[in-house]
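Between the sequences and the hints, there should be enough to build the whole structure, so can you do that?
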Amino acid sequence: MVNLPKGWSNEEIAHKIAEDLPDGAYVNLGIGLPELVAGQIPEGKEIIFHTENGLLGVGPPPAPGEEDDELINAGKKPVTAIPGSCFFHHADSFAMVRGGHIDYCILGAFQVSEKGDLANWSTGEPGAIPAVGGAMDLVAGVPHVFVISSHTTKTGEPKIVKECTYPLTGPRCVNRIYTNLAVIEVTDKGLQVREMAAGVTPELLQEVTAAPLCF
Amino acid sequence: MVNLPKGWSNEEIAHKIAEDLPDGAYVNLGIGLPELVAGQIPEGKEIIFHTENGLLGVGPPPAPGEEDDELINAGKKPVTAIPGSCFFHHADSFAMVRGGHIDYCILGAFQVSEKGDLANWSTGEPGAIPAVGGAMDLVAGVPHVFVISSHTTKTGEPKIVKECTYPLTGPRCVNRIYTNLAVIEVTDKGLQVREMAAGVTPELLQEVTAAPLCF
Amino acid sequence: MINKIVPSAAEAVKDIFDGAVIMIGGFGEAGSPIELIHALIDHGAKDLTVVSNNTGNGHVGLAALIENRQVRKMICSFPRTAQSVVFPELYKKGEIELELVPQGTLAERIRAGGAGIPAFYTPTSVGTPLQEGKEVREFNGRLYVMEYGLRADFALVKCKMADRYGNLIYNKTARNFNPVMCMAARTTIAQASRVVEPGDIDPEIVVTPGIFVHKVVEIPNPLSENQLLKENRRYPW
Amino acid sequence: MINKIVPSAAEAVKDIFDGAVIMIGGFGEAGSPIELIHALIDHGAKDLTVVSNNTGNGHVGLAALIENRQVRKMICSFPRTAQSVVFPELYKKGEIELELVPQGTLAERIRAGGAGIPAFYTPTSVGTPLQEGKEVREFNGRLYVMEYGLRADFALVKCKMADRYGNLIYNKTARNFNPVMCMAARTTIAQASRVVEPGDIDPEIVVTPGIFVHKVVEIPNPLSENQLLKENRRYPW
Numbered sequence: 001m002v003n004l005p006k007g008w009s010n011e012e013i014a015h016k017i018a019e020d021l022p023d024g025a026y027v028n029l030g031i032g033l034p035e036l037v038a039g040q041i042p043e044g045k046e047i048i049f050h051t052e053n054g055l056l057g058v059g060p061p062p063a064p065g066e067e068d069d070e071l072i073n074a075g076k077k078p079v080t081a082i083p084g085s086c087f088f089h090h091a092d093s094f095a096m097v098r099g100g101h102i103d104y105c106i107l108g109a110f111q112v113s114e115k116g117d118l119a120n121w122s123t124g125e126p127g128a129i130p131a132v133g134g135a136m137d138l139v140a141g142v143p144h145v146f147v148i149s150s151h152t153t154k155t156g157e158p159k160i161v162k163e164c165t166y167p168l169t170g171p172r173c174v175n176r177i178y179t180n181l182a183v184i185e186v187t188d189k190g191l192q193v194r195e196m197a198a199g200v201t202p203e204l205l206q207e208v209t210a211a212p213l214c215f
Numbered sequence: 001m002v003n004l005p006k007g008w009s010n011e012e013i014a015h016k017i018a019e020d021l022p023d024g025a026y027v028n029l030g031i032g033l034p035e036l037v038a039g040q041i042p043e044g045k046e047i048i049f050h051t052e053n054g055l056l057g058v059g060p061p062p063a064p065g066e067e068d069d070e071l072i073n074a075g076k077k078p079v080t081a082i083p084g085s086c087f088f089h090h091a092d093s094f095a096m097v098r099g100g101h102i103d104y105c106i107l108g109a110f111q112v113s114e115k116g117d118l119a120n121w122s123t124g125e126p127g128a129i130p131a132v133g134g135a136m137d138l139v140a141g142v143p144h145v146f147v148i149s150s151h152t153t154k155t156g157e158p159k160i161v162k163e164c165t166y167p168l169t170g171p172r173c174v175n176r177i178y179t180n181l182a183v184i185e186v187t188d189k190g191l192q193v194r195e196m197a198a199g200v201t202p203e204l205l206q207e208v209t210a211a212p213l214c215f
Numbered sequence: 001m002i003n004k005i006v007p008s009a010a011e012a013v014k015d016i017f018d019g020a021v022i023m024i025g026g027f028g029e030a031g032s033p034i035e036l037i038h039a040l041i042d043h044g045a046k047d048l049t050v051v052s053n054n055t056g057n058g059h060v061g062l063a064a065l066i067e068n069r070q071v072r073k074m075i076c077s078f079p080r081t082a083q084s085v086v087f088p089e090l091y092k093k094g095e096i097e098l099e100l101v102p103q104g105t106l107a108e109r110i111r112a113g114g115a116g117i118p119a120f121y122t123p124t125s126v127g128t129p130l131q132e133g134k135e136v137r138e139f140n141g142r143l144y145v146m147e148y149g150l151r152a153d154f155a156l157v158k159c160k161m162a163d164r165y166g167n168l169i170y171n172k173t174a175r176n177f178n179p180v181m182c183m184a185a186r187t188t189i190a191q192a193s194r195v196v197e198p199g200d201i202d203p204e205i206v207v208t209p210g211i212f213v214h215k216v217v218e219i220p221n222p223l224s225e226n227q228l229l230k231e232n233r234r235y236p237w
Numbered sequence: 001m002i003n004k005i006v007p008s009a010a011e012a013v014k015d016i017f018d019g020a021v022i023m024i025g026g027f028g029e030a031g032s033p034i035e036l037i038h039a040l041i042d043h044g045a046k047d048l049t050v051v052s053n054n055t056g057n058g059h060v061g062l063a064a065l066i067e068n069r070q071v072r073k074m075i076c077s078f079p080r081t082a083q084s085v086v087f088p089e090l091y092k093k094g095e096i097e098l099e100l101v102p103q104g105t106l107a108e109r110i111r112a113g114g115a116g117i118p119a120f121y122t123p124t125s126v127g128t129p130l131q132e133g134k135e136v137r138e139f140n141g142r143l144y145v146m147e148y149g150l151r152a153d154f155a156l157v158k159c160k161m162a163d164r165y166g167n168l169i170y171n172k173t174a175r176n177f178n179p180v181m182c183m184a185a186r187t188t189i190a191q192a193s194r195v196v197e198p199g200d201i202d203p204e205i206v207v208t209p210g211i212f213v214h215k216v217v218e219i220p221n222p223l224s225e226n227q228l229l230k231e232n233r234r235y236p237w
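Chains as they are written, first to last, in this note's numbering: chain A, 1 to 215; chain B, 1 to 215; chain C, 1 to 237; chain D, 1 to 237.
In case anyone wonders, no lab produced these hints; they're calculated from the structure. Don't take every hint at face value.
[As the list claims (entries may be wrong)] A few chain A residues that face chain C, going by a derived Cβ cut-off under 7 Å, partial list only:
| no. | residue |
| --- | --- |
| 1 | Asn53 |
| 2 | Gly54 |
| 3 | Lys76 |
| 4 | Phe87 |
| 5 | Leu168 |
| 6 | Leu204 |
| 7 | Val208 |
Backbone N, C-alpha and C define an ideal beta-carbon position, used for all residues, glycine too.
Structure below.
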């Protein structure tokens, strides 16, 4: 087992994504880690957050005691709405997604393949209850799909692989992978490492990645 | 040429239709003769009129000088909106039509066949500019299609025929035909005359109708 | 006169029959018509197919309907949430069926059903296990799956305000699936926190036109699912 | 900062290129973005395909655009109305193409294009000449034709009020095709009678979410097509 540096914190990864989003982008954040991105948007950049349950212009979390049961995000957490936001129904919301109007979505992952296949909805365990939510719609409709994830599983297994063994959320849909160890671009020629955390070497990174990396 | 009675006036025909509409019905009125039906609804019966350009709850025509360029019906005529009306866009409007939510539509006709085929959008003249509007959507989606029409053309040609010679608006879609001479139901067994205007005899009616009638 | 207002939730749901397909609005705790669902539990219709994004939380609302063994099959996108306990248990025992549909496909299938569209093509689920058994077709060099419009015998929805014509407006993200479900059911039953006179809702801001709604019952202070969960309540009480 | 407001109609339409597909909102005289169309006439882009329910009236707005020979093809449901003179003349001379689409199919094709649906089935036009050349398929014992989603390079729409995010609300039946066209164009350009601050439009009543709109120009007192017709005006003036 390699002795890896811890690399970037979750907030640092989220910050990198926030920096890479262009001003004015419409962005959907998945549940969990992706939600951290909202808190990292640099001053002076305006990003509009979409939540698929019917709100464009998600604001910061409400102050304690200010929560509204009927103002929540796709993760069922209370949110706020910015001035200039709007509410709409589910079919209109997914028209935004499927129709390619949302510019970016940030999702978690169980596995990403070197071709950009994403598996993030089911570990395919027999007897497990399948649940997909809006993930398949997002990866099929949004032109830029970014994954935010720990580089390996808790037990050290690679999450970036040659072929996903878990059921796919969508084929060839991931554009970029942000992990605690590196930022990796999915290109026609394979996985291209754009940046590595302090102390991470190409050799170390390749060791915990089950698909060939280009540096 | 038979010497026919004039039969019912247009208002009388419209009144018959208005009487046959059930309380609470959602009704779309075509352009021209069908518009007369709105003025004939009996006291105590509430009918909601739909116009496919985005209004449910069309009210009476505005008083002179009260017209609003942006409050018109499908015939581009100024209308009013009743309390409890609502506006919506074209896709939602035709979801009401195609989805079977509008209960009745009243349309004019060039020809109706004994099977209920309707031709009311084109005389098929070479060089004529085709224009269909919402007629095909209405006959395909609305469960009860009533035709209001003079029994024959201005030159005395039958409009009720064995087979339409003009291009169809829709096959087997007309349920009932209201003319100046009779009310005729389209049934599986053919055209069934329900009522005739004063002075009209079965023989006279059959003479100006190019499909067999049952009495 | 058109008057879709009925006096009680019990009256509103009384025609629901065994074996009916029922759409139930709501996403998580927002927009779920709890009082109507509880009336349906009291009513007792069984062997139901329920179309709803989730499977309910704790032991109230949709979860209680399932727990009361009235539901044969769920059609939904996300049957297990943090507070969903009833469905997972029955599912693992093989006592309830599940048709899993991606959330956007579910919304679009319902809208299509309501709009008279029998089928449409979507890129969602292509190349995944949820594509299995479905027709795949290429348009402009890309693959799409064919999905069918979805209709229901009844829809149960929750809204903020209604009038006697059935015009509805909603509250924030409690809107979610409710408007499309109204379109897709033969009988749509809405619970409204407030019933007002025709014209009190500006015709420009009506979200669900009355034509899509058949019965309205006023429930002035609807229960909060969140609050019921905190108090660990169960229905029937 | 997001600011979709542009200073003039000329600026708003400047990127429209020869050969572009353009959706133009409006139904009869209601909701037609006359100032944007006139700016497009000044701009001069030609060989356009225009998707609009009608073909314009008199010699202003869409009719003037056609009269100025900038339109190669019309996709519409009703190309001749009482006051339509320009299109019929060119059509009879064989100088403009026409794709005739039933009105509801046109609306649904535009919505589908905007919603990422490449094709769908509809009962409209089955058994009529407009079915010719289209795929027909049976679902549940009934025949339907397959229709394709429709997208555009640009949409020109008219609304009552807008904010810098592009959120729009409309006026009465001037809403018509405008909201679906906003969804279906790569670049949607809206003329608004009034531009307000974000938040001034209640988020519950926004009809077109800003995500579907790319440029907004304020035209405080838009011309009335009816009035122009009465005065027998022609554009260019």
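Now the hints, each set against the structure:
{"no.": "1", "hint": "Asn53", "verdict": "5 Å, holds"}
{"no.": "2", "hint": "Gly54", "verdict": "5 Å, holds"}
{"no.": "3", "hint": "Lys76", "verdict": "4 Å, holds"}
{"no.": "4", "hint": "Phe87", "verdict": "6 Å, holds"}
{"no.": "5", "hint": "Leu168", "verdict": "5 Å, holds"}
{"no.": "6", "hint": "Leu204", "verdict": "32 Å, violated"}
{"no.": "7", "hint": "Val208", "verdict": "27 Å, violated"}
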